[in-house]
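Engineer: Sequence:
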Amino acid sequence: RYKIQSHCLDLFKRDYVYSLIQNPNGEVCGHYPRQIVFMEYASTESDKERFESTVQTSKLQELVTRSKMARCRGRFVCPVILYNGKHICRSATLAGWGELYGRSGYNYLFSGGSEETGAELDEVPDDYAVRNGDSQLFDKVRGHDIKLLRYLSVHYIFDLMVEKKKVKFGLNVTSSEKVDKAQRYADFILLSIPYPGCEFFKDYKDRDYTAEGLVFNWKQDFVDAPLNIPPTLTENLSIDWRDYQSWDLVQQTQNYLKLLIHTINRNDDSGLLVHCISGWDRTPLFVSLLRLSLWADGLVHVSLQPVEILYLTIAYDWFLFGLNLKACISFFQIFFFCFNFLKHITSEEFCAVKKPRSASRLRLGDAAPDCSKLLSKTNCVQIHNKKMFLVCVGWGERRGGPRRGLVMLTLYFTVFLCSSTEYCHSSASSTDFGSWQIVSGCGSIHDQAVVPNDSPLPFYTQDDGSNGRLFPIIPERRAKLEEVRAIFLAAYSSTVGLKSVSSSPSAFGGLLEQFARGVGLRGTNSIV
Numbered sequence: 263r264y265k266i267q268s269h270c271l272d273l274f275k276r277d278y279v280y281s282l283i284q285n286p287n288g289e290v291c292g293h294y295p296r297q298i299v300f301m302e303y304a305s306t307e308s309d310k311e312r313f314e315s316t317v318q319t320s321k322l323q324e325l326v327t328r329s330k331m332a333r334c335r336g337r338f339v340c341p342v343i344l345y346n347g348k349h350i351c352r353s354a355t356l357a358g359w360g361e362l363y364g365r366s367g368y369n370y371l372f373s374g375g376s377e378e379t380g381a382e383l384d385e386v387p388d389d390y391a392v393r394n395g396d397s398q399l400f401d402k403v404r405g406h407d408i409k410l411l412r413y414l415s416v417h418y419i420f421d422l423m424v425e426k427k428k429v430k431f432g433l434n435v436t437s438s439e440k441v442d443k444a445q446r447y448a449d450f451i452l453l454s455i456p457y458p459g460c461e462f463f464k465d466y467k468d469r470d471y472t473a474e475g476l477v478f479n480w481k482q483d484f485v486d487a488p489l490n491i492p493p494t495l496t497e498n499l500s501i502d503w504r505d506y507q508s509w510d511l512v513q514q515t516q517n518y519l520k521l522l523i524h525t526i527n528r529n530d531d532s533g534l535l536v537h538c539i540s541g542w543d544r545t546p547l548f549v550s551l552l553r554l555s556l557w558a559d560g561l562v563h564v565s566l567q568p569v570e571i572l573y574l575t576i577a578y579d580w581f582l583f584g585l586n587l588k589a590c591i592s593f594f595q596i597f598f599f600c601f602n603f604l605k606h607i608t609s610e611e612f613c614a615v616k617k618p619r620s621a622s623r624l625r626l627g628d629a630a631p632d633c634s635k636l637l638s639k640t641n642c643v644q645i646h647n648k649k650m651f652l653v654c655v656g657w658g659e660r661r662g663g664p665r666r667g668l669v670m671l672t673l674y675f676t677v678f679l680c681s682s683t684e685y686c687h688s689s690a691s692s693t694d695f696g697s698w699q700i701v702s703g704c705g706s707i708h709d710q711a712v713v714p715n716d717s718p719l720p721f722y723t724q725d726d727g728s729n730g731r732l733f734p735i736i737p738e739r740r741a742k743l744e745e746v747r748a749i750f751l752a753a754y755s756s757t758v759g760l761k762s763v764s765s766s767p768s769a770f771g772g773l774l775e776q777f778a779r780g781v782g783l784r785g786t787n788s789i790v
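Take the sequence shown: its letters are residues 263 to 790, numbered as in this note's numbering.
Keep in mind the hints are simulated off the structure, nothing from the lab.
The reader is advised that the hints may include incorrect statements.
The calculated label-pair distances, taken between Cβ atoms and stated as ranges, are [claimed, not checked]:
hint: 1; residue 1: L495; residue 2: L561; range: 18 to 28 Å
hint: 2; residue 1: E324; residue 2: N479; range: 37 to 47 Å
hint: 3; residue 1: D449; residue 2: N287; range: 28 to 38 Å
hint: 4; residue 1: P286; residue 2: S508; range: 43 to 53 Å
hint: 5; residue 1: D470; residue 2: L495; range: 34 to 44 Å
hint: 6; residue 1: N287; residue 2: E610; range: 44 to 54 Å
List time: in silico BS3-like cross-link candidates among lysine-lysine, alpha-carbon distance up to 27 Å [said to hold, decoys possible]:
hint: 7; residue 1: K275; residue 2: K321
hint: 8; residue 1: K402; residue 2: K426
hint: 9; residue 1: K427; residue 2: K443
Keep in mind the model is a prediction, meaning the values are calculated, not measured.
Each residue gets a CB set at the ideal place from its N, CA and C atoms; glycine is no exception.
All chains should be modelled from the sequences, with the hints used to inform the complete structure.
Structural biologist: Here it is, written out as structure tokens:
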């Protein structure tokens, strides 16, 4: 865990000046990173030394420590993305009286009656007071939570819960801001955007990882949180929100992501908070999609290559923020959905900043040379009894004479099936390209694509001369997201497996190891 944390800090350091919220041995939260990154501002080499930090780290640390009791499992409001000076945060939902009362008594007992476990524990209210929601304990801990939100300039709260309150064994274990009886969160803009939990994604796997046509059952007894979005936030989105219960998983995820992007682009300095119940399945899903979407637009983590942003997203957004390994089967299904879903957000309609057409196109002939570093480390993997070989843009010479040619087209087709076993096991610098089949990057993960002669895809014809070059002109956003998805699919298939009956923490470690090697963070025999 320490090594993974260190790698993440190195990647954050490429583009940001940051402070650290200290969480030694998980004392503040047992399933948050031991060092939490607070990004102060984006920087380049030329301006790193010209800025002075305006954040008071000691004040932030104090607010975090005081507010941890307010939310489920102690998962306090935590900034994870910095965009245009706005903090996008994540957390769990609010702790209900059952958890709050129980955890307060537990902490008080095992601290020997000491007051040092938090200022919020000055007194433990009786059962009647807590049940009625008007106790000093609720005022105190939620008051600290609100102070932290205001310190981070958070104004919008996106609540993904399908319930108003989470009830277990007849107890209100968790609550949410939208049903706080004292209206403590009335100054914030609350958006109730119910989204199914990780259990629902078993159906996604059972349907051969096909999200199209998969609709959540909104008539279940525990589902009582309706979609509720202030009209001012839905302008110019061209979405009929009244139909949300008829959307399939693709439409629902796309529309919620559009809403997130639209909100952070409002003309104010307000940040936002995203949370579900525990904050470790639906929350990282949308945090990851938002981070990758903004990265593909060149707006965050601008210096990171595809394999690097993928490593950071998986390691930081999922692993270090406490993926629930005890429920790892359900976890791996929503985790896989997250990165496979990138194929559905490649279009310009998901761009945070609209760019001129010429500015959003990319020549593959000028693609990043660092891809070859990953290519040399990547092996063939088996998918549906076929050899899959992940390739990056590069130059080579075919046997029989000099001829330059692109090894990968990233616009629409990102993964190739290699029918030449000899080539698959050879070095990435091999000059024998073998024979290839193309797998669609936009359809199923294993369906073959047929490119008709009149295909509208913007391919240029490569001439047969010795200097002939193929220059497909492609949307940069699409190219970047498809490459991230291709890298993920190759590594996931060889470590976790698409058809595995059960998954394990060791499979996740193997996944991170593959990415670490690709980034050059680890040697080939190291274990992350």
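Engineer: Find the hints from earlier in the document that the structure breaks and name them by number, from lowest to highest.
Structural biologist: none
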